[in-house]
Amino acid sequence: MQMDPQELLSLCKRRGFLWPAYDIYGAVSGLYDYGPLGAALKNNIENQWRRLYVLQEGFYEISCPVVAPEPVFKASGHVDAFCDVYVECTSCGETYRADHLAAGMHPNPASLGEHELGKLLKANGVKCVECKGELTEPKRFNLMFKTSIGAGKGKTAYLRPETAQGMFVNFAQVYRYGRERLPFGAVQVGRAFRNEISPRQGLIRLREFSMMEAELFVHPEDKTWPGFRKVKDRAMPLVPSKGDPRTIRLDEAVKAKVIGNEVLAYYMWLTYKFALDIGLDPARLRFRQHEKTEMAHYASDCWDLEAETGYGWIELVGVADRGCYDVQAHIDHSGADLTAFERFDEPKEVEQDVVKPDFGELGPLFKGKAKKVAEALSRLSPESAKGKDKVMVEVDGEKVSVPAKCFEVSRRKEKVSGRKIVPHVIEPSYGVDRMMFALLDHAYSKKDDYVTLRLKPLVAPIKVGVFPLMPKDGLDEIAQGIYNDLTGAGFDSYLDDSGSIGRRYARMDEVGTPWCVTVDYDTKNDGTVTVRDRDTAEQTRIKKEKVPKAIEALVKGAGLSSLNTLR
RNA sequence: GCGGCUGUAGUGUAGACUGGUUAUCACUUGAGCUUGCCAAGCUCAAAACUCGGGUUCAAAUCCCGGCGGCCGCACCA
0 MQMDPQELLS LCKRRGFLWP AYDIYGAVSG LYDYGPLGAA LKNNIENQWR
50 RLYVLQEGFY EISCPVVAPE PVFKASGHVD AFCDVYVECT SCGETYRADH
100 LAAGMHPNPA SLGEHELGKL LKANGVKCVE CKGELTEPKR FNLMFKTSIG
150 AGKGKTAYLR PETAQGMFVN FAQVYRYGRE RLPFGAVQVG RAFRNEISPR
200 QGLIRLREFS MMEAELFVHP EDKTWPGFRK VKDRAMPLVP SKGDPRTIRL
250 DEAVKAKVIG NEVLAYYMWL TYKFALDIGL DPARLRFRQH EKTEMAHYAS
300 DCWDLEAETG YGWIELVGVA DRGCYDVQAH IDHSGADLTA FERFDEPKEV
350 EQDVVKPDFG ELGPLFKGKA KKVAEALSRL SPESAKGKDK VMVEVDGEKV
400 SVPAKCFEVS RRKEKVSGRK IVPHVIEPSY GVDRMMFALL DHAYSKKDDY
450 VTLRLKPLVA PIKVGVFPLM PKDGLDEIAQ GIYNDLTGAG FDSYLDDSGS
500 IGRRYARMDE VGTPWCVTVD YDTKNDGTVT VRDRDTAEQT RIKKEKVPKA
550 IEALVKGAGL SSLNTLR
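Last residue of the first sequence: number 566 in numbering that gives the first Met the number 0, and the count goes up by one each step with no gaps.
Please note: incorrect hints may appear among the correct ones.
As the list claims (entries may be wrong) - Quick list of in silico lysine-lysine cross-link-like pairs, DSBU-like style, CA-CA up to 35 Å:
1) LYS542 - LYS555
2) LYS145 - LYS41
3) LYS229 - LYS254
4) LYS291 - LYS118
5) LYS419 - LYS371
6) LYS41 - LYS347
7) LYS272 - LYS118
8) LYS152 - LYS371
9) LYS370 - LYS73
10) LYS389 - LYS412
11) LYS523 - LYS254
12) LYS523 - LYS548
13) LYS41 - LYS229
14) LYS389 - LYS41
15) LYS404 - LYS414
16) LYS138 - LYS291
17) LYS419 - LYS231
18) LYS419 - LYS445
19) LYS291 - LYS12
Said to hold, decoys possible - Ranges of calculated distance between the beta carbons of each label pair, as one might list FRET restraints:
20) ALA255 - GLY417: 31 to 41 Å
21) THR535 - ALA282: 20 to 30 Å
22) CYS82 - GLU345: 19 to 29 Å
23) ASP336 - SER28: 21 to 31 Å
24) VAL125 - ALA255: 29 to 39 Å
25) HIS296 - SER197: 13 to 23 Å
26) VAL125 - GLU195: 22 to 32 Å
Everything labelled a hint here was simulated from the structure, so no lab data went into it. Ideal Cβ placement from N, Cα and C applies to all residues, glycine included.
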């Protein structure tokens, strides 16, 4: 069923899930405020995710700043690659992506900077496709929000476009925290920012949004996974980039190379399970594999969990194999050692040639530069130095010729007890806001203009409505007592004594509250209250003292009929 | 960023073309009466012309611009 998203957004605004941000000043597109119910629903989704990743799977949760200095995103590639290069027609104002216009003029136009693209377009005499007008010089639009740290000119910085980098730059710390073992994972739940050119569709494309990201660091040559055995006969609906869409068992998918490896398959399954746990409709979920051309600059394989909503199929989660791209990039840019140490079973005796600088000769010859020259020499491969009468090395960007008397190539015995490896990263990256929107979309049901949100108890912002049938005769005080018991026991509850009982049930149904407890005149006689189920409108009576216990059982999945013992 | 359409109480709307008294209606919300289990009724109340400029004696209404929304293009790590 395709529903009108406007209807859902209207409910969200009316009932306090969602409001356009800064509305009294005219609002800003792509920014939303969460109202009390939205904030609660979002928390419930995030906490369920933590239960899965942190408690069950043993990932380490960290929390990093939203602002980061420029070098971080230089290294990650976002400063250069997370942007679009535009040209504009000077006469009709139409804009084009410069790399699209350059298609066919260069093997990979997307890899060029704006100056090269400008030259290329000029050289090929490219004009406006619409009106043949002159085009402007290419302009670059980076999708990151730029800011600065500190007074005056300060230090250039950006708001993070993903939380992932925080986990990559903390690799060494988290690796040590986990007592230096692979594989291990880190997670982060938090805000990220993208200065979208044209945010649309409510919560689907936001400029500030929440992500739940997990980075699993694995051995680059071992992508088997111990947990895979337990889930291998489960099936998921897949839309591979090659071949037909099909629902396929995980072990078959890995065997047939539809999914690249066991780790990726396992975390796709975990993602699928999470989606079902919070209440997304399995009939409206699928995994779609990225085409090679749509893959991010860092990914080698990527599957999106997509949900069908009033906006069509939308991406909720990306599960990507990022290879060693990010960790290697931060090693290269920062010089930090972000490797894991793989211990051999037995330490090995290794004989190898090394280039050994002779400081007695280097000193007089190179003076202050001698130390750097020596370091450069040590980095040379022995083969390239052996038997030469001089070698070229690069010091501070300058080529230096070093005569043979300054070094010797000698054979050295070493005990090697292991090796440094750069881990590969499997990344499940969840868009919280999108998941929440899809959840509301899938939960929305309407019968003769009566709206019920069939949210699962696990995520429902309010678990119980508590009503006195009449706000008098002491019923209201009893209801207040039950309400206090429930909130005391940790359940989000809602006390409502206004309007007819039917209206109060309707109010709770519309925001997805799974149960309502009503205090009536029998309560005064026999101490029982009714418990009503949202989806069936069925009721059962239980002792009023047992209400918190009953709700606890119901949240855990017990049916209404199981409450008989609490009568 | 471009083009088309569009913006009236918390929500959904009438009024606009053809400018003119106190801006329509419903739901919602609050108070009271009533009501003894599924959006009942009555009374009262609260609540809006997206913002700025222009035309005019007079603008919710016509014109221009900003902001927001929807759709299409483009974009989407």
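Taking the hints in turn, this is what the structure says about them:
no. : hint                        : in the structure
1   : LYS542 - LYS555             : holds (19 Å)
2   : LYS145 - LYS41              : holds (27 Å)
3   : LYS229 - LYS254             : holds (16 Å)
4   : LYS291 - LYS118             : holds (28 Å)
5   : LYS419 - LYS371             : holds (24 Å)
6   : LYS41 - LYS347              : violated (53 Å)
7   : LYS272 - LYS118             : violated (51 Å)
8   : LYS152 - LYS371             : holds (33 Å)
9   : LYS370 - LYS73              : holds (29 Å)
10  : LYS389 - LYS412             : holds (25 Å)
11  : LYS523 - LYS254             : violated (66 Å)
12  : LYS523 - LYS548             : holds (20 Å)
13  : LYS41 - LYS229              : holds (30 Å)
14  : LYS389 - LYS41              : violated (66 Å)
15  : LYS404 - LYS414             : holds (28 Å)
16  : LYS138 - LYS291             : holds (26 Å)
17  : LYS419 - LYS231             : holds (32 Å)
18  : LYS419 - LYS445             : violated (59 Å)
19  : LYS291 - LYS12              : violated (39 Å)
20  : ALA255 - GLY417: 31 to 41 Å : holds (35 Å)
21  : THR535 - ALA282: 20 to 30 Å : holds (21 Å)
22  : CYS82 - GLU345: 19 to 29 Å  : violated (50 Å)
23  : ASP336 - SER28: 21 to 31 Å  : violated (44 Å)
24  : VAL125 - ALA255: 29 to 39 Å : violated (44 Å)
25  : HIS296 - SER197: 13 to 23 Å : holds (22 Å)
26  : VAL125 - GLU195: 22 to 32 Å : holds (27 Å)
The structure is inconsistent with the numbered hints 6, 7, 11, 14, 18, 19, 22, 23 and 24, although it conforms to all the rest.
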